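Spelled out, the chains give:
2 protein chains.
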Amino acid sequence: MRDLGGLLFLSVRDQFGKTQIVTDTTSALAAEMKQLRLETVVRVSGIVQPRPAEMTNKSMLTGEIEVRAEKIEVLNRAEPLPLGVEDQYDAGEELRLKYRYLDLRRPRPLRNMILRHKALQSIRSFNADKGLLEIETPVLIKSTPEGARDYVVPSRIHQGSFYALPQSPQIYKQSLMIGGIDRYFQIARCFRDEDMRSDRQPEFSQIDIEMTFVQEEDIYEHVEEMVKKLIVDLRNMEITTPFTQIDFQDAMNSYGSDAPDLRFNMLLTDVTEIFQNSGFKAFDSVIEAGGSVVGLCGVGKASLSRKQRAELEDLARSEGLAGLLSSPVTDEGLSGILGKIFMSDRQTKLCTKFNAVEGDLLMLAAGEREKIVEPLGRIRKILGDQWDMYDNKKLIFCWVTNAPLFEKTADGSGITAVHHPFTAPVDEDLEKLSSNPLQVRSRAYDLVLNGIELATGSIRNHQRRIQEAVFKAIGMDNVESKKRFGFLLEALSYGAPPHGGIAIGFDRLLMLLAGESSIREVIAFPKSNTANSPMDGSPSPIDGQQLAELGLSLKDTKKKG
Amino acid sequence: MRDLGGLLFLSVRDQFGKTQIVTDTTSALAAEMKQLRLETVVRVSGIVQPRPAEMTNKSMLTGEIEVRAEKIEVLNRAEPLPLGVEDQYDAGEELRLKYRYLDLRRPRPLRNMILRHKALQSIRSFNADKGLLEIETPVLIKSTPEGARDYVVPSRIHQGSFYALPQSPQIYKQSLMIGGIDRYFQIARCFRDEDMRSDRQPEFSQIDIEMTFVQEEDIYEHVEEMVKKLIVDLRNMEITTPFTQIDFQDAMNSYGSDAPDLRFNMLLTDVTEIFQNSGFKAFDSVIEAGGSVVGLCGVGKASLSRKQRAELEDLARSEGLAGLLSSPVTDEGLSGILGKIFMSDRQTKLCTKFNAVEGDLLMLAAGEREKIVEPLGRIRKILGDQWDMYDNKKLIFCWVTNAPLFEKTADGSGITAVHHPFTAPVDEDLEKLSSNPLQVRSRAYDLVLNGIELATGSIRNHQRRIQEAVFKAIGMDNVESKKRFGFLLEALSYGAPPHGGIAIGFDRLLMLLAGESSIREVIAFPKSNTANSPMDGSPSPIDGQQLAELGLSLKDTKKKG
Chain A
12 MRDLGGLLFL SVRDQFGKTQ IVTDTTSALA AEMKQLRLET VVRVSGIVQP RPAEMTNKSM
72 LTGEIEVRAE KIEVLNRAEP LPLGVEDQYD AGEELRLKYR YLDLRRPRPL RNMILRHKAL
132 QSIRSFNADK GLLEIETPVL IKSTPEGARD YVVPSRIHQG SFYALPQSPQ IYKQSLMIGG
192 IDRYFQIARC FRDEDMRSDR QPEFSQIDIE MTFVQEEDIY EHVEEMVKKL IVDLRNMEIT
252 TPFTQIDFQD AMNSYGSDAP DLRFNMLLTD VTEIFQNSGF KAFDSVIEAG GSVVGLCGVG
312 KASLSRKQRA ELEDLARSEG LAGLLSSPVT DEGLSGILGK IFMSDRQTKL CTKFNAVEGD
372 LLMLAAGERE KIVEPLGRIR KILGDQWDMY DNKKLIFCWV TNAPLFEKTA DGSGITAVHH
432 PFTAPVDEDL EKLSSNPLQV RSRAYDLVLN GIELATGSIR NHQRRIQEAV FKAIGMDNVE
492 SKKRFGFLLE ALSYGAPPHG GIAIGFDRLL MLLAGESSIR EVIAFPKSNT ANSPMDGSPS
552 PIDGQQLAEL GLSLKDTKKK G
Chain B
12 MRDLGGLLFL SVRDQFGKTQ IVTDTTSALA AEMKQLRLET VVRVSGIVQP RPAEMTNKSM
72 LTGEIEVRAE KIEVLNRAEP LPLGVEDQYD AGEELRLKYR YLDLRRPRPL RNMILRHKAL
132 QSIRSFNADK GLLEIETPVL IKSTPEGARD YVVPSRIHQG SFYALPQSPQ IYKQSLMIGG
192 IDRYFQIARC FRDEDMRSDR QPEFSQIDIE MTFVQEEDIY EHVEEMVKKL IVDLRNMEIT
252 TPFTQIDFQD AMNSYGSDAP DLRFNMLLTD VTEIFQNSGF KAFDSVIEAG GSVVGLCGVG
312 KASLSRKQRA ELEDLARSEG LAGLLSSPVT DEGLSGILGK IFMSDRQTKL CTKFNAVEGD
372 LLMLAAGERE KIVEPLGRIR KILGDQWDMY DNKKLIFCWV TNAPLFEKTA DGSGITAVHH
432 PFTAPVDEDL EKLSSNPLQV RSRAYDLVLN GIELATGSIR NHQRRIQEAV FKAIGMDNVE
492 SKKRFGFLLE ALSYGAPPHG GIAIGFDRLL MLLAGESSIR EVIAFPKSNT ANSPMDGSPS
552 PIDGQQLAEL GLSLKDTKKK G
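Going down the list, the protein sequences come from chains A and B. With this note's numbering as the guide, the letters of the first sequence map in order to residues 12 to 572. With this note's numbering as the guide, the letters of the second sequence map in order to residues 12 to 572.
In case anyone wonders, no lab produced these hints; they're calculated from the structure. Don't take each hint at face value.
If chains are identical, the list can't say which one is meant, so a pair holds when it fits in one copy or spans any two.
Straight-line distance between alpha carbons at most 27 angstroms, and here's what the computed DSSO-like set of lysine-lysine pairs gives [claimed, not checked]:
# : residue 1 : residue 2
1 : K404      : K419
2 : K141      : K69
3 : K129      : K141
4 : K141      : K566
5 : K29       : K141
6 : K240      : K141
7 : K45       : K82
8 : K318      : K45
Computed from a predicted structure; not experimentally measured.
Use the sequences and the hints to build the structure in full.
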């Protein structure tokens, strides 16, 4: 409300914007209006009229009109609000979640809900137009061992038995393919009872796609076209397709990550060969022990101060490296220790390898190769941010392909599937399934946007004998695999067509498109970092009778203090 | 496969239909083809050519062509199938659910999945075009007491606490309205842990709609337009709008049901007045005790045999009536007991009341009014079917309005909300909220199709003081209501706009549009009648460690034997 020279202005708001109401300051109506508390719900009747030319606001939908009020009715009163409903107020996460129904009145959350709505329509219409059938898979399913943790749901009718909530509709969408559905999609709610990390939610959504009779390129093309349309629909922005495809090993070698950020260069470069017998003892001993020297070249960063270079060193240590040797390229060659030790031809070789010129900064780490590559990858990303090396409006996607099918288990005692056990091995690696499983490449592909993994998919095993060989490789014998995936194995034996698909993290994709830094900002009613909902108070205790009907009792937890 | 005079024909199938492959019976290829088991997955290369004129099949998409095979590759073998994949095979529910991935290959389940897909797209595009925002509400929520039973989900992080799965997104969609969203829709998965009755599923879908600043008519119009479009999209059929609106009391009086089937007449008719002091002792004593005489008129059913009329009597008893007096209308007036007792003017009055003419059959029941109306309503429906009184291709919708807000609890000790406690009372009944709550009419409306309740909705309480009065009427004091719905009550005090909405049973609507008699037929992976999934074996026991991590233990159930 504003009182300006004889006129009282009242701003009324709905989802679509604000409209200005005007009346004479001295009128009875003005007296009524002055009684209204902020956020009162009103119905105003009056004459719609153009605003005075000097007061029009063309950036507002209703900026060129105002309503000369004749009557005002209060439809609902408002108590003083516990938090502000303009964007400049950030009440903090706890309050925002508790009063999410008020927080949603702020323009930014509202804008994110509208964005999400548009994304849902864009994705569904794209897939439906392409002939994929939208099919809803069940939420109450059997527990499957896909790595992370299942939420379970006790059955009242079958006491002692539990459903699980799906971490993914994986085996149901595969069942659809086996059921003769040509192509399927769903925006599926999934659930994971994880120890909460920042930016995880107990429930999340994925764009789930599966198709029969496809190769990798069919999936790539479909997803690229879908994402391209989505970004036009949401941000009216064109992205480049097809996306770059990077072999998993190349991504690890050049970016130190299986989710490479292609918005900037500064690639990891292996210079072990140049350091052979270099006389630089710290590195020589590493190389003799079978290790590597890998580095980055900071373009134009020779000018960093001694303090800044010390901070680089600290960063390297906090990321798990033993150290980071930084060496500025000057007009007299490398400065620092390398300048002293290296003959000029070796300096030239090193600079050539890095494409380094005067003014650049070489940063080198030595160690067991697989222990230094990922820390260097993280350092690359951190410096990319710090040094402002990319246009943060850019959206650069890539596919990472040919990842290994298996990796060692955390305790080193066996091997496990990198993605999930339904992923097909690359054909030419089939014979290594039993002899050398860790060398088997998979037909999996990850979709990465700006260094963030958005999606993972694969061509699946459609032949029972190969699926059984994969189960065997990860230590599941026939009894165990039958117990866990019995019906899928059996299903593969009744004429399962070749098929493959992908699951795209919808919340994360939206977060990036909305320019937000947390998926909570693009979910209507998110849970907190500890999986609570301060708004409704869930989770909460249930009464003893309900527990008894489920055939359950709480364990004594007092001992835990 | 068919072998016809020197040519071997092989039929190959995918989601879109069948195509005929042809080769010479004596070729090597024919020998290969003869080895193939039914449902083997093949890739055939060859020449596409027109079929001989006498063999074209214009009803098939590919009925005018065939493929002269040059090469055939087996992509996957098939073991002998445990059930047939043509519509004429019905393997029975247990087998069909166990091998749902094979059952889906049959044309009818496939057709239902395609129908469901189309319905999803039709409904979403309609609502999005109308400016409603699609917003996904959480699946892990706080337990709410909405009558039936919640599924609960134990929290691992917060041992002893539970989430509930939503029976409806009711309070979340109301929160969205309070959050300033103008209009919302969602096709929401809901859950109910009921003792299974036929045609219930533990998880089901509803078309969930909520709008601000609306009256009943706004919702009616929106839903009518949506359903009209849906039926055009799915069945290319026009239905009549607006739908008939029937007052709840009229529906009970004339149809003996709150879900009246308008496809045929034969209305319940109260003839108590005509039976005053009739001399027919059985009815006189009922009327003296305050009861009523209510009947139906079976047009042209005077010709029923004595045996058939005895069966009517049996039906009446099995539906809970003390008896059913049936009296044919002949050219000499009523035959049977009424003809003997009633003077001709009383007979005329009775026939006039029923619009009965010669050849019709009057069927009369006497008793306490509220105990005979619903049995008569059920008898009306059963006879409507038996006597083939309607065109079963017709789709007749109606709205039932002004239902009571409250009803007595099952044990008679108190009152409870008929729909849910967020339903607003009719304005002019507000003052009866405390004085005479059972007389308060609600602003609820049910949508009924062919006598089946499809949807229920209402204008909600948007003012805290009225919501509190409703809670109080159903025996929830402030402490209790705050504990259960605390955040909604509080939310109503910060400027909640008037709002209302509806929830439409999506599975049931689809079932009726697909011409199926069970919702299981329109769900991709339904549960059985006992809430089991024979396909994946859920629900199933989980291991002790997982239970322990949830802070739970199983009660000793041995005593139950």
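Hint-by-hint comparison with the structure:
When the C-alpha separation of K404 and K419 is checked against a cutoff of 27 angstroms, the pair qualifies neither within a copy, at 38 angstroms, nor between copies, at 62 angstroms. In this assembly of identical chains, the alpha carbons of K141 and K69 lie at most 27 angstroms apart only when taken from different copies (25 angstroms versus 40 angstroms within one copy). When the C-alpha separation of K129 and K141 is checked against a cutoff of 27 angstroms, the pair qualifies both within a copy, at 18 angstroms, and between copies, at 13 angstroms. In this assembly of identical chains, the alpha carbons of K141 and K566 never lie at most 27 angstroms apart, being 52 angstroms within a copy and 52 angstroms across copies at closest.
In this assembly of identical chains, K29 and K141 lie within 27 angstroms of each other by CA distance solely across copies; the values are 21 angstroms between and 40 angstroms within a copy. Both within a single protomer and between protomers do K240 and K141 lie at most 27 angstroms apart by alpha-carbon distance, with minima of 13 angstroms and 22 angstroms respectively. Only within a single protomer do K45 and K82 lie at most 27 angstroms apart by alpha-carbon distance; the minimum there is 14 angstroms, versus 85 angstroms between protomers. For the identical chains of this complex, K318 and K45 are neighbours neither inside a copy (60 angstroms) nor across copies (80 angstroms), given an alpha-carbon limit of 27 angstroms.
Comparing the model with each numbered hint stated earlier shows that hints 1, 4 and 8 do not hold.
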